[in-house]
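Novice: When you get a sec, could you build the whole thing from the sequences and use the hints?
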Amino acid sequence: MQSVYQRVGLCSSCLKKQLNGFLGLIKWQRRLVPASVRTIYSETGKWEKKYGLETRKRVENWWFPRIKDQFCRISETDKSRPKFYVLSMFPYPSGKLHMGHVRVYTISDAVARFQKMRGMQVINPMGWDAFGLPAENAAVEHGLHPASWTQSNIQHMRKQFDALGLSFTWEREVTTCSPEYYKWTQYLFLKLFEAGIVYQKEALVNWDPVDQTVLANEQVDDNGCSWRSGAKVEQKYLKQWFIKTTAYAKAMFDALSDLPEWYGIKEMQANWIGDCVGCSFDFLLKVNGKAAEDKLAAYTYTPEAIYGASHLYILPTHRLLHGNSSLKEIFQRELIPGKDSLTSVTAVNLLTNQEIPVVISAKTNFDNFLDSKIGIPSTSAEDAAVAKNLGISFTEVIETLPNGLEKVINSAEITGMTRQKALKAVTQQAKNKRVGGDLTSDKLRDWLISRQRYWGTPIPIIHCQACGTVPVPYEDLPVVLPSVTTFTGKGASPLESALEWVNCSCPRCKAAARREVDTMDTFVDSAWYYLRYTDPHNTDRPFNSDLADYWMPVDLYIGGKEHAVMHLFYARFFSHFCHELKMTKHKEPFHKLLVQGLIKNQTFRLTTTGQCLKREEVDLTGSEPVHLKTGEKLQVAWEKMSKSKHNGIDPEEIVKEYGIDTLRLYILFAAPPEQDILWDAKTDAMPGVQRWQMRLWALVTKLIEARTSGTMPNPELLNKKEKAEARKIWEQKNLVISEVTEYFTKDHLFNAAISRLMSLTNVLQQAPQPLVLHSTEFEDTLASLCIMVAPMAPHIASEMWKGLAHMQNKLCSHYHWDADVLHQSWPKVDPDYLQPSDVVEMSVLINNKACGKVFVPQQAARNFEEVHELVLRSELGVKHLQGRAIRKAFLSPRTALINFLVQE
Numbered sequence: 001m002q003s004v005y006q007r008v009g010l011c012s013s014c015l016k017k018q019l020n021g022f023l024g025l026i027k028w029q030r031r032l033v034p035a036s037v038r039t040i041y042s043e044t045g046k047w048e049k050k051y052g053l054e055t056r057k058r059v060e061n062w063w064f065p066r067i068k069d070q071f072c073r074i075s076e077t078d079k080s081r082p083k084f085y086v087l088s089m090f091p092y093p094s095g096k097l098h099m100g101h102v103r104v105y106t107i108s109d110a111v112a113r114f115q116k117m118r119g120m121q122v123i124n125p126m127g128w129d130a131f132g133l134p135a136e137n138a139a140v141e142h143g144l145h146p147a148s149w150t151q152s153n154i155q156h157m158r159k160q161f162d163a164l165g166l167s168f169t170w171e172r173e174v175t176t177c178s179p180e181y182y183k184w185t186q187y188l189f190l191k192l193f194e195a196g197i198v199y200q201k202e203a204l205v206n207w208d209p210v211d212q213t214v215l216a217n218e219q220v221d222d223n224g225c226s227w228r229s230g231a232k233v234e235q236k237y238l239k240q241w242f243i244k245t246t247a248y249a250k251a252m253f254d255a256l257s258d259l260p261e262w263y264g265i266k267e268m269q270a271n272w273i274g275d276c277v278g279c280s281f282d283f284l285l286k287v288n289g290k291a292a293e294d295k296l297a298a299y300t301y302t303p304e305a306i307y308g309a310s311h312l313y314i315l316p317t318h319r320l321l322h323g324n325s326s327l328k329e330i331f332q333r334e335l336i337p338g339k340d341s342l343t344s345v346t347a348v349n350l351l352t353n354q355e356i357p358v359v360i361s362a363k364t365n366f367d368n369f370l371d372s373k374i375g376i377p378s379t380s381a382e383d384a385a386v387a388k389n390l391g392i393s394f395t396e397v398i399e400t401l402p403n404g405l406e407k408v409i410n411s412a413e414i415t416g417m418t419r420q421k422a423l424k425a426v427t428q429q430a431k432n433k434r435v436g437g438d439l440t441s442d443k444l445r446d447w448l449i450s451r452q453r454y455w456g457t458p459i460p461i462i463h464c465q466a467c468g469t470v471p472v473p474y475e476d477l478p479v480v481l482p483s484v485t486t487f488t489g490k491g492a493s494p495l496e497s498a499l500e501w502v503n504c505s506c507p508r509c510k511a512a513a514r515r516e517v518d519t520m521d522t523f524v525d526s527a528w529y530y531l532r533y534t535d536p537h538n539t540d541r542p543f544n545s546d547l548a549d550y551w552m553p554v555d556l557y558i559g560g561k562e563h564a565v566m567h568l569f570y571a572r573f574f575s576h577f578c579h580e581l582k583m584t585k586h587k588e589p590f591h592k593l594l595v596q597g598l599i600k601n602q603t604f605r606l607t608t609t610g611q612c613l614k615r616e617e618v619d620l621t622g623s624e625p626v627h628l629k630t631g632e633k634l635q636v637a638w639e640k641m642s643k644s645k646h647n648g649i650d651p652e653e654i655v656k657e658y659g660i661d662t663l664r665l666y667i668l669f670a671a672p673p674e675q676d677i678l679w680d681a682k683t684d685a686m687p688g689v690q691r692w693q694m695r696l697w698a699l700v701t702k703l704i705e706a707r708t709s710g711t712m713p714n715p716e717l718l719n720k721k722e723k724a725e726a727r728k729i730w731e732q733k734n735l736v737i738s739e740v741t742e743y744f745t746k747d748h749l750f751n752a753a754i755s756r757l758m759s760l761t762n763v764l765q766q767a768p769q770p771l772v773l774h775s776t777e778f779e780d781t782l783a784s785l786c787i788m789v790a791p792m793a794p795h796i797a798s799e800m801w802k803g804l805a806h807m808q809n810k811l812c813s814h815y816h817w818d819a820d821v822l823h824q825s826w827p828k829v830d831p832d833y834l835q836p837s838d839v840v841e842m843s844v845l846i847n848n849k850a851c852g853k854v855f856v857p858q859q860a861a862r863n864f865e866e867v868h869e870l871v872l873r874s875e876l877g878v879k880h881l882q883g884r885a886i887r888k889a890f891l892s893p894r895t896a897l898i899n900f901l902v903q904e
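Under UniProt numbering, the first residue of the sequence shown is numbered 1, with each subsequent residue one higher.
There may be inaccurate statements among the hints.
[Claimed, not checked] Here are the simulated lysine to aspartate or glutamate pairs, DMTMM-like style, with alpha carbons at most 25 angstroms apart: (1) 57 <-> 650; (2) 600 <-> 639; (3) 633 <-> 617; (4) 587 <-> 267; (5) 600 <-> 540; (6) 96 <-> 129; (7) 191 <-> 619; (8) 433 <-> 446; (9) 879 <-> 865; (10) 201 <-> 367; (11) 96 <-> 639; (12) 68 <-> 54; (13) 640 <-> 588; (14) 295 <-> 194; (15) 96 <-> 616; (16) 159 <-> 616; (17) 633 <-> 616; (18) 728 <-> 684; (19) 587 <-> 275; (20) 645 <-> 540; (21) 50 <-> 657; (22) 643 <-> 129; (23) 849 <-> 780; (24) 443 <-> 367; (25) 191 <-> 588; (26) 879 <-> 820; (27) 266 <-> 516; (28) 721 <-> 830; (29) 723 <-> 742; (30) 582 <-> 267; (31) 266 <-> 747; (32) 96 <-> 588; (33) 888 <-> 254; (34) 585 <-> 540; (35) 585 <-> 619; (36) 295 <-> 438; (37) 183 <-> 650.
[Unchecked claim] Each pair of labels, with its calculated beta carbon distance range: (38) 222 <-> 287: 37 to 45 angstroms; (39) 429 <-> 261: 32 to 40 angstroms; (40) 448 <-> 608: 38 to 46 angstroms.
These are computed hints drawn from the structure, not numbers from a lab.
Even for Gly, the Cβ is constructed at its ideal location relative to N, Cα and C.
Specialist: Shown next, in the form of structure tokens:
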């Protein structure tokens with residue numbers, strides 16, 4: 001008899017080695033996959049009944065890479081399809097995501113997926129606000145180059161974003177510190193320069209006398225000391241670059257009325273701009289009849305009365321008395337503290353050519369931010385009193401007629417006009433001559449964009465002794481930052497030391513010249529990024545106008561309330577400017593704005609020192625938190641998460657513990673977007689969304705088991721009572737579809753949407769077994785529920801849908817069962833659900849011409865904003881109104897008519 005070794009043709013020692021190897025492999029596999037590990041349908045074809053921890057991990061591991069790749073690319077050649085541009089404010093690449101990031105980007109992701117399921121072409125782009133002081137500070141502290149620091153942070157944060165399964169349109173990624181991006185920031189700067197909207201003047205800055213450098217406001221502590229050296233910060237005058245945002249103040253103020261409600265942000269914008277009733281005029285200063293180097297812009301509340309100007313006021317704190325002005329000594333010598341001081345300096349109005357004296361005011365401040373203004377006795381009793389007291393002559397230029405109407409007199413070509421007509425004429429003349437005239441308020445200041453730092457967009461200006469200030473030619477853009485390796489944090493900007501870069505030739509006369517060494521405020525980079533996203537790879541221009549016109553305006557802009565004044569103002573300014581250059585057809589960049597609240601966590605402070613403690617240093621077992629070491633009672637407060645307060649939460653740890661879907665649902669369910677979330681994973685919100693996922697899973701399990709029980713489903717087998725119950729399920733389905741759709745499109749109340757989906761889950765849970773087996777309504781409602789869950793919890797929804805898709809004996813044939821859930825169409829309300837008495841047939845006019853009708857719910861027919869939104873979302877609205885600039889719209893509820901006035 002042959003031995004086993006002889007039968008397989010191996011010697012005993014070789015065969016033993018092979019058998020031992022196989023046994024070892026089997027043991028290793030068993031260690032990797034314990035017998036208790038659950039499986040999921042998508043892997044095995046067998047439905048797992050329970051949605052426990054292991055199943056959740058399997059579901060997310062399986063669907064994570066598939067969902068990430070499902071957010072398809074855009075076909076901009078197919079402009080017949082409606083578009084939706086959802087934009088979340090891009091982050092500074094600090095290197096680590098925090099829960100605030102998770103909140104804003106979860107919201108944008110859910111909205112993007114929802115709109116895609118509605119058939120929209122959707123972009124949800126992402127990029128990096130990559131310039132700025134923190135990177136340069138890191139370079140100083142760690143001996144790194146800001147570019148290296150920034151790039152490594154971007155790579156790390158990109159991985160963190162991917163780990164959250166967010167559906168960004170990554171092929172549109174922009175990075176503001178890339179020359180491919182800031183070339184076009186410089187291009188727009190030059191356009192502003194050409195338009196006379198950019199200028200240079202002296203301004204106060206924070207100066208560190210020890211480090212010999214300019215500090216941003218953020219680098220000065222509450223005691224007025226430098227963040228680095230500890231020295232008392234001085235106020236110093238330096239020449240700075242400004243963008244004349246005041247030139248667009250009136251247009252931007254007026255445009256607010258055409259925008260939808262912005263949760264109080266419109267009021268914040270209006271307050272920031274102020275009432276635009278007056279304007280500034282430019283003056284040339286003279287001493288003894290000779291023109292000085294200095295020019296001055298001064299404000300007046302009554303521009304129509306400019307020919308009645310008697311004098312020009314400046315404050316004793318004005319830069320002309322304290323900066324590097326050639327007139328400083330004269331003004332200081334002629335200043336009489338506490339009195340209005342008539343000086344020997346005169347000012348020539350560059351519009352009217354009138355020459356008037358300069359007066360140093362007795363006041364220490366004017367209204368709001370004014371430091372110079374025009375004295376016009378005809379419209380100000382105070383100005384008249386000052387002129388009389390100083391012996392300054394003046395002319396009356398306003399006459400009141402018997403009928404009470406006021407007209408302008410003694411005012412050259414505007415004589416005889418009403419004040420309103422004269423106002424328009426004078427301001428237009430001044431704007432045409434570029435000597436002022438832009439209506440603005442007394443509280444809005446021009447935008448100071450100079451930064452004495454390396455890590456920013458270089459200002460494309462060359463200073464020549466012969467030619468003066470010369471813009472860099474367009475063909476020489478970008479002006480790329482030089483390679484600088486030493487960052488000490490002391491002395492002048494690192495750009496000053498890059499002599500080969502600083503020393504250059506004048507583009508005009510070719511003589512030796514010097515580059516501007518200031519860089520731009522990072523807000524300049526973020527003021528137009530939404531336009532670059534529409535055409536991010538264009539090498540010929542900032543963006544293609546056709547593409548910008550297709551995608552703009554941004555349909556939903558999401559970000560923190562802290563950016564709702566300055567950043568939003570600057571972004572609106574750039575959009576208005578690009579519109580005026582005919583680069584875009586839309587003035588306003590953002591249609592709807594959603595500002596999300598903070599995510600706060602508890603802080604524990606020592607009462608004696610105010611020091612924040614880590615959680616592990618706190619004893620929470622008693623009725624009140626105390627210091628673990630000393631037993632000292634602690635101050636407990638809810639504050640914004642931060643490292644320094646030891647109350648931050650690492651998103652990666654939360655994902656490991658609870659999963660992506662649970663974190664997303666918690667973020668959306670815990671509070672409405674604009675409210676703060678008080679982070680407490682043990683409250684009802686986190687366990688609540690966990691239990692809900694289990695209930696959803698149980699419903700799918702229940703239906704699959706019913707359809708595989710051996711009994712064929714047959715709706716005719718239901719009795720009268722069961723059919724009535726099925727009808728109620730159908731009604732609830734339609735009601736919830738209607739409400740959830742509105743929450744996603746109108747109010748963005750995702751917490752309310754989840755609450756309604758939970759209630760629909762409860763309705764299905766209570767359905768008796770005959771309905772589960774035999775009713776089309778149960779199956780249809782569960783399928784619709786699964787689809788509505790998908791934008792918010794895409795992983796579990798994808799697996800549940802796969803289970804339903806492969807279920808036997810389905811009754812519903814109108815779904816695309818062979819496609820994944822995120823490729824399903826968003827559910828619509830069944831036409832039978834809307835009774836004729838529940839809807840109103842609304843006639844739609846465009847520029848007074850009828851173009852069709854749209855059905856709207858009766859309860860919404862008298863509400864302008866609701867009708868406006870419903871028409872824009874309808875097929876008629878998408879076809880005739882999308883992409884067109886709507887100037888006004890008028891609703892007539894009595895005649896069921898809405899008229900849109902649009903730009904042709």
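Novice: Please go over all the hints and tell whether each is borne out by the structure.
Specialist: Against the structure, the hints:
1. 57 <-> 650: holds (19 angstroms)
2. 600 <-> 639: holds (5 angstroms)
3. 633 <-> 617: holds (12 angstroms)
4. 587 <-> 267: holds (19 angstroms)
5. 600 <-> 540: violated (45 angstroms)
6. 96 <-> 129: The hint holds at about 14 angstroms.
7. 191 <-> 619: Roughly 61 angstroms separates the two Cα atoms, so the pair is violated.
8. 433 <-> 446: holds (19 angstroms)
9. 879 <-> 865: Holds, at roughly 20 angstroms.
10. 201 <-> 367: The given pair, whose Cα atoms are some 22 angstroms apart, holds under the 25 angstroms limit.
11. 96 <-> 639: holds (19 angstroms)
12. 68 <-> 54: It holds: about 21 angstroms lies between the C-alpha atoms, which stays within 25 angstroms.
13. 640 <-> 588: violated (32 angstroms)
14. 295 <-> 194: holds (19 angstroms)
15. 96 <-> 616: holds (22 angstroms)
16. 159 <-> 616: Given pair residue 159, residue 616 is violated - Cα atoms ~29 angstroms apart, limit 25 angstroms.
17. 633 <-> 616: holds (15 angstroms)
18. 728 <-> 684: Roughly 29 angstroms between the alpha carbons, so the hint for residue 728 and residue 684 is violated.
19. 587 <-> 275: holds (20 angstroms)
20. 645 <-> 540: violated (47 angstroms)
21. 50 <-> 657: Distance ~18 angstroms between residue 50 and residue 657 Cα, so the pair holds.
22. 643 <-> 129: At roughly 21 angstroms apart (the allowed maximum being 25 angstroms), residue 129 and residue 643 satisfy the hint.
23. 849 <-> 780: violated (41 angstroms)
24. 443 <-> 367: holds (8 angstroms)
25. 191 <-> 588: Holds, because 19 angstroms separates the two Cα atoms, which is no more than 25 angstroms.
26. 879 <-> 820: violated (29 angstroms)
27. 266 <-> 516: violated (37 angstroms)
28. 721 <-> 830: holds (22 angstroms)
29. 723 <-> 742: Outside the cut-off at roughly 29 angstroms; violated.
30. 582 <-> 267: violated (28 angstroms)
31. 266 <-> 747: OK: residue 266 and residue 747 at ~16 angstroms, within 25 angstroms.
32. 96 <-> 588: violated (33 angstroms)
33. 888 <-> 254: The hint holds at about 12 angstroms.
34. 585 <-> 540: Holds. Residue 585 to residue 540 sits at ~20 angstroms (cutoff 25 angstroms).
35. 585 <-> 619: Given pair residue 585, residue 619 is violated - Cα atoms ~61 angstroms apart, limit 25 angstroms.
36. 295 <-> 438: Holds - the C-alpha atoms of residue 438 and residue 295 are around 17 angstroms apart, at most 25 angstroms.
37. 183 <-> 650: Not satisfied, since the Cα-Cα distance of roughly 36 angstroms exceeds 25 angstroms.
38. 222 <-> 287: 37 to 45 angstroms: holds (43 angstroms)
39. 429 <-> 261: 32 to 40 angstroms: holds (38 angstroms)
40. 448 <-> 608: 38 to 46 angstroms: holds (42 angstroms)
Checked against the numbered hints given earlier, the structure breaks hints 5, 7, 13, 16, 18, 20, 23, 26, 27, 29, 30, 32, 35, 37 and satisfies all the rest.
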